[in-house]
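Based on these hints, arrange chain B with the ligands on the given structure of chain A.
Going down the list, the sequences are from chains A and B.
First residue of the first sequence: 1, per the numbering used here; consecutive thereafter.
First residue of the second sequence: 244, per the numbering used here; consecutive thereafter.
FYI, nobody ran anything at the bench for these hints, they're computed from the structure.
Just so it is clear, CB atoms sit at the ideal spot from N, CA and C, and this is done for glycine as well.
Any given hint could be a false lead.
Between beta-carbon pairs, the in silico distance windows are [said to hold, decoys possible]:
{"id": "1", "chain 1": "A", "residue 1": "Leu224", "chain 2": "B", "residue 2": "Glu646", "range": "24 to 32 Å"}
{"id": "2", "chain 1": "A", "residue 1": "Asp72", "chain 2": "B", "residue 2": "Gly622", "range": "18 to 26 Å"}
{"id": "3", "chain 1": "A", "residue 1": "Gly120", "chain 2": "B", "residue 2": "Lys261", "range": "37 to 45 Å"}
{"id": "4", "chain 1": "B", "residue 1": "Arg258", "chain 2": "A", "residue 2": "Glu128", "range": "46 to 54 Å"}
{"id": "5", "chain 1": "A", "residue 1": "Arg232", "chain 2": "B", "residue 2": "Gly625", "range": "30 to 38 Å"}
{"id": "6", "chain 1": "A", "residue 1": "Leu224", "chain 2": "B", "residue 2": "Met262", "range": "28 to 36 Å"}
{"id": "7", "chain 1": "B", "residue 1": "Glu646", "chain 2": "A", "residue 2": "His141", "range": "49 to 57 Å"}
{"id": "8", "chain 1": "A", "residue 1": "Asp69", "chain 2": "B", "residue 2": "Glu646", "range": "47 to 55 Å"}
{"id": "9", "chain 1": "B", "residue 1": "Gly622", "chain 2": "A", "residue 2": "Asp115", "range": "53 to 61 Å"}
{"id": "10", "chain 1": "B", "residue 1": "Met262", "chain 2": "A", "residue 2": "Asp79", "range": "16 to 24 Å"}
{"id": "11", "chain 1": "A", "residue 1": "Gly45", "chain 2": "B", "residue 2": "Asp643", "range": "16 to 24 Å"}
{"id": "12", "chain 1": "B", "residue 1": "Glu651", "chain 2": "A", "residue 2": "Leu224", "range": "49 to 57 Å"}
{"id": "13", "chain 1": "A", "residue 1": "Gly18", "chain 2": "B", "residue 2": "Arg258", "range": "28 to 36 Å"}
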Amino acid sequence: MAIPVIEIASLCKTYRIGELTVEALRSVDLTIESADFLAIMGASGSGKSTLMNVLGCLDRPTSGTYHLDGNDVGKLDRDSLARIRGKKIGFVFQGFNLLSRMTALENVELPMLYDEVPSGIRRERSIEALRTVGLEDRGHHLPNQLSGGQQQRVAIARAIVNNPSILLADEPTGNLDTTTSEEVMGVVQRLNDERGITVVLVTHENDIAEFAKRIVTVRDGKILSDRMVEKRRFAANCAGAGE
Amino acid sequence: MNLLSAVKVSVRSLRANKMRSGLTMLGMIIGVSAVIAMVAVGAGANERIAAQIASVGSNLIMVIPGSTTSGGLRGGSGGSQTLTIDDARAIGKELSAVRATAPNVRSSAPIVYGNQNWSTLVQGTSPGYLEVRDWQVISGRNFTDAEVDAASKVALIGKTVSENLFGGEDPIGKIVRIKRIPFTIVGLLDGKGQSPQGQDQDDVVIAPVTTVQRKVSGTSHAGTVGVILVQATGPDTIEEAQKQITVLLRQRHRISNGQEDDFSVRNLSEMLAVAESATKIMSLLLGAIASVSLLVGGIGIMNIMLVSVTERTREIGIRMAVGARQRDILAQFLIEAVILAVAGGTIGILVGAGGSMAISRFAGWSTLISPIAVSVAFGFSGAVGVFFGFYPARKASRMDPIEALRYE
Ligand SMILES: Nc1ncnc2c1ncn2[C@@H]1O[C@H](COP(=O)(O)OP(=O)(O)O)[C@@H](O)[C@H]1O
Ligand SMILES: [Mg+2]
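In isolation and in its complexed conformation, chain A is listed as follows:
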């Protein structure tokens, strides 16, 4: 069997606020194979975002190990983590997090700017990424000229433009209505299917989690259950269609 994309063991994350310590993650073990599609569920404050931040190399664990593509990334310095974020990881956030003064195309180009991709290729690849999410004709729109679903799809295009092996999405549909949510999930599902991108998705909605292949439930910083989805949902629509 190939090396898992993500392999964490006895992972703890403790926040210290003065005298108080908050154990956001308590000895989490989790292995995610390449091309898996994982949904993380759990109540608010259960540690989902903390886990995502560690997985996304935005944060370092207090203890335990984290192997990404077989490399121990738990002890890397800030700049090395930044490099990994730029090359191997794509983020999608609940609040889209697009730069409001930049067009969709420019937002999508952003990760390549820090990966020293020449500007001609940057443009080409951003257009390609926008096409993947069905927004090739919206490249010159500013975020506030796009609907929520479209903005989230621009964010997805930005997340995948550097061909990362992992797509991390923290409640990507939290700000979207049901139809738009399904649309966005369709795009994510297709990226997982067609490109084999490993997807880790945080959600508290069951019907969103059912787009995944596997559901992990977290409570109080510990993994409560880890099961395969029996009746997986598939997005009916194709990305971008009907908008």
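Relative to the frame of chain A, chain B with the ligands by itself:
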């Protein structure tokens, strides 16, 4: 991120806040233009004074009668009458470090031509005077040593005198009366402009020293002169010439060892140095005042950059999440600060240059915009940008990506 992309990113965010960027630059513009204008005015004054002092003559030494305590520079017409024409001759003949010498007797007198009347300075000297003063006769001729010996009634006139007495007429060969004594004009002097003291150097009649002593001044003791001007053979022999003059005059005046000189010897480069140090201090002072406004401009940049960093916390988080390293964020904000400072500085240089041109045109002061001042101002603005931009930029680069992303 490469530099070009970083500059583009920075320019974009500056343009997104045009009003704020403009106001921030204003501080730099005012500071730099003040520096440029102040330095231009100072350098102009300096140059004017140097030119005026040079117009007195090069490698010039003045021998003044009477002793002077060190440091004081007394006028030539001191009370004592210890210098003579023969002293001047001896200095010219016997000393190796001396090229030319000219005794000097001054008297102010009315000068009449036809029905024109003009009051001017009559100066008695030797033919060497023109050489000592680097002065040319533009029409006619200088008077000769023979005419000095014979106390001939010949005279050279300065431009101002010529204009006032003769208007457009050619003065050469004309007879004028100075204190009723007829003098023949033999030469017209080139224009020399103002002296360092602000006098019109062209308002003068120059005649043989003997003639002036006998016919014009009258009051002086026979044979004594006010000042002896001496020209050294070169800039490096000035000091040597001063020593030689002192030794010679002490000998001629029979001054025994331990007794004070009855004359003093000064050179013009000392005067020049005094004047230059005065203008230098002025320029320095003006520059210092202007630098304070540059400092204020820099603080303005720092202030606005700190606001900008806070405002754009989320942007910083996003950039970090997609792979920006600390140095990328640092570079972005540092470049923004430097662009603000350098753009402000460049505009300031233009405004300052324009301002100093306006000063010289409307106030009549001479100004000098030196390339050094411009490049220093340019470099300094860049340095201000780096210095005052560094702290905000570092603050931005050290943000925690998660907290930055969560920032509302
Ligand atoms: N930066 C932080 N400082 C202190 N406590 C934190 C911090 N981030 C998260 N926590 C705490 O850790 C726990 C897990 O938070 P989080 O991972 O955001 O939960 P979820 O995303 O599941 O709602 C919560 O109790 C939260 O208060
Ligand atoms: Mg959360």
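Structure-based check of all given hints:
1. Leu224(A) - Glu646(B): 24 to 32 Å: holds, 28 Å
2. Asp72(A) - Gly622(B): 18 to 26 Å: Cβ of Asp72(A) to Cβ of Gly622(B): about 47 Å, so the range 18 to 26 Å is violated.
3. Gly120(A) - Lys261(B): 37 to 45 Å: 29 Å Cβ-Cβ, so the 37 to 45 Å window is violated.
4. Arg258(B) - Glu128(A): 46 to 54 Å: This hint is violated: roughly 28 Å between Cβ atoms.
5. Arg232(A) - Gly625(B): 30 to 38 Å: Cβ of Arg232(A) to Cβ of Gly625(B): about 60 Å, so the range 30 to 38 Å is violated.
6. Leu224(A) - Met262(B): 28 to 36 Å: violated, 54 Å
7. Glu646(B) - His141(A): 49 to 57 Å: Violated, since Glu646(B) and His141(A) (Cβ atoms, about 30 Å apart) do not stay within the stated range.
8. Asp69(A) - Glu646(B): 47 to 55 Å: The hinted range 47 to 55 Å is violated for Asp69(A) and Glu646(B), with Cβ atoms some 27 Å apart.
9. Gly622(B) - Asp115(A): 53 to 61 Å: For Asp115(A) against Gly622(B), whose Cβ atoms are near 34 Å apart, the range 53 to 61 Å is violated.
10. Met262(B) - Asp79(A): 16 to 24 Å: Between Met262(B) and Asp79(A), where Cβ atoms are some 35 Å apart, the hint is violated.
11. Gly45(A) - Asp643(B): 16 to 24 Å: holds, 20 Å
12. Glu651(B) - Leu224(A): 49 to 57 Å: Because 31 Å falls outside the window, the suggested range is violated.
13. Gly18(A) - Arg258(B): 28 to 36 Å: Violated - the Cβ-Cβ distance for Gly18(A) and Arg258(B), about 43 Å, lies outside 28 to 36 Å.
Checked against the numbered hints given earlier, this structure breaks hints 2, 3, 4, 5, 6, 7, 8, 9, 10, 12 and 13; the rest are met.
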